[in-house]
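K.L.:
Once you have looked at the hints, place chain L on chain C.
Each chain, letter by letter, is given below.
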Amino acid sequence: MRVEYINPFVEISYKILKEVLGGADVKRGNLYLKSTAMPVMGVAALVGLAGDVEGRVLFDMTEETALKIASKMNNEDLPAFDDLAKATISELANLITAQAVTKLHELGFKFDLTPPALFADKQMEIAALGNTSENVEALIVPLITEYGKIEINVAIRERT
Amino acid sequence: MDTVNSSATAVTESKQITPETIDIEKEKKEEMSVIDFKMITFSLAGKDYAIDIMKVKEIAKAGRFTYVPNALPFVLGVYNLRGDIIPIIDFRIFFNIEVAEKKSGDLENLLIVTVGEQSFGVVVDEIDSVVGIQKSTIQPPHPLFGDINIKYIYGVVESNKHLYILLDIDRIFTSRMTDKKQNSAAMQKNVFVHAERDTGVMPVSAKVQPAAKSASPAAVAPASGNKNNKDYSFVVSSLEEFKKFYVTDVNEEWVKHRFEEWVKERGTKGSQLQNEEDADNFLKSFWSKNSDAWWSKEYADAVYKLFPDNSAKQIVVWNPGCGKGYESYSLACLLKKRYPESKIRIYAHDIDLLNVSNAPLVSVSTDAANSWYAPYVTKKANGEYTFTQEIKDIIMFEYHDCTNTNAIPVVDIVFARDIISLMPKTAQNAVFDDFEEKVKGNGIVILGENEAISNRSTWGEKMVGSLVVYSKQ
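Those protein sequences? They're chains C and L, same order as listed.
For the first sequence, the working numbering begins at 335 and goes up steadily by one.
For the second sequence, the working numbering begins at 10 and goes up steadily by one.
Source of the hints: derived by calculation from the structure; they are not laboratory data.
From the three backbone atoms N, C-alpha and C, an ideal C-beta is built for every residue, glycine too.
Check the hints yourself; a few may be wrong.
What the hints assert, rightly or not - Reference listing, derived: stretches of chain C covered by chain L, where coverage requires no fewer than 3 residues with Cβ under 8 Å from a Cβ of chain L:
1) 363-370
2) 429-442
As the list claims (entries may be wrong) - Think about it this way: if two alpha-carbon atoms lie no more than 27 Å apart in a straight line, the pair counts; the simulated DSSO-like pairs of lysine-lysine are:
3) C:K402 to C:K444
4) C:K437 to L:K401
5) L:K64 to C:K368
6) L:K64 to L:K170
Pulled out of the complex, with its shape left as it was, chain C reads as follows:
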């Protein structure tokens, strides 16, 4: 992934997460690369990217974390991972990706994004992108909050 794209994603996700959690403590983990882009934790919010690149951003977390974050964002104690909670997490994904894309636009890169989609299941696998069966590398940005860990999983590839 191009180095110019990394900072916007890291900075914006940190900033927004901190904001929506009412200034709670958010720690940035070390960035690393994964050879495939499969999410593992249980709840995944996915936003597609197009334009200068093709690929997607995925927000990966456990259902417990998702529920806690959704509750905090709505200022309500949500008992189960219902439609409201799902919509909230999708919205979080949308907020982060949209602002990151705006920042990238300011740097001169044209990205487009798709509306977010939410996947929730304990045993879930999201297969690699592209019409080839190759796995696309993903950049992982771990963010640790008091409600749990969120992994931002960016798998994009330049449009050659």
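P.N.:
Same frame as chain C, but now just chain L:
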């Protein structure tokens, strides 16, 4: 819309042009839209194909080819083209298309194509014409489209209501090159006419010579037997543990030599690598010259000589393990000098996030800025030197692990110094496979000074000055 109409009418009025002449002018304008690619079109089994005209030397009609026994079925034989003996390939058989029975005595249509230094004759059904198109209108092939193997198709293009399948001649002849070279060797023996001409066709060295190389390691086989072997294997595993340096056939020769030296230096008792510092010392002489630093003029000149002739409009370079960017920038400057008319693109990858993230912003030391880098740098506001935007635009720095899937296009040059040795054996093989797939037929691979490709027949080794370069056979 209104303004267009009014100006059109204005034109009509002022020049008194009839509707017919306006149409003709429009047509002319359409034709004049840039034609930057010409191709020869021909047909095979009723379908239209095309080949880049730059690859075609001439067209001919010929009847009787000299049959070559034991050749592959699509090799019809050889032909004497005004003194030159060229192999004749039948594309219809090559692509498994039905061939009409030929009446002996009928002349076949031949396209004489040149790939590298070798000419081949290609038999086709009918040769049509030369068609000029805009290169940007060439579309990539659709998997369902052709009935011939998709990797031989460069693309698909439409012109004048005809759809042509543009063949990638380089791919066709390069992927079969090893077979053909064996065939041309066989052909040479069987052609009795013009026996003195056979030097032109023979490949220089068909394979990398691992035999020569393995001769020295065999000599290195320790005289003191088992203990030395054990010490050696301990050193190998310490290198892996401390420095993630993997000893395989890529660097084995150097490691064995170095081990001998090391044992002499340290004595057999002290030959083990106890810690990272020891490992660092052991590997000190491995790293290529000018690693992690701006290149000296001598080294830059030496690398410059490695670049082959290439008139392509785009030169693509893959630079895995670029570190802080010294290599990438140096390459960018040298390539700009060597291929001034082409658009250069360098994909620079590294897994050290800090290094590669700072690479786009690197400043050039004053010493370097005043040496051979001078024409490519400019002064910033704070007095420091940095590369010109033109040079910076050439390089795309990516945080990417090249042992994962490499999503890069086909490349002309691979510049991978001292990085293969830092991958485990399976990853090394995967990366070499990638080299084979991604490097163009006339492309080159440059490794570290103490690294080598062995046991891979795709690559031929050549020494240019003091540096080694690998090219595809």
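K.L.:
Please go over all the hints and tell whether each is borne out by the structure.
P.N.:
Status of the hints after comparison with the structure:
no. : hint             : result
1   : 363-370          : holds (count 3)
2   : 429-442          : violated (count 0)
3   : C:K402 to C:K444 : violated (34 Å)
4   : C:K437 to L:K401 : holds (21 Å)
5   : L:K64 to C:K368  : violated (42 Å)
6   : L:K64 to L:K170  : holds (24 Å)
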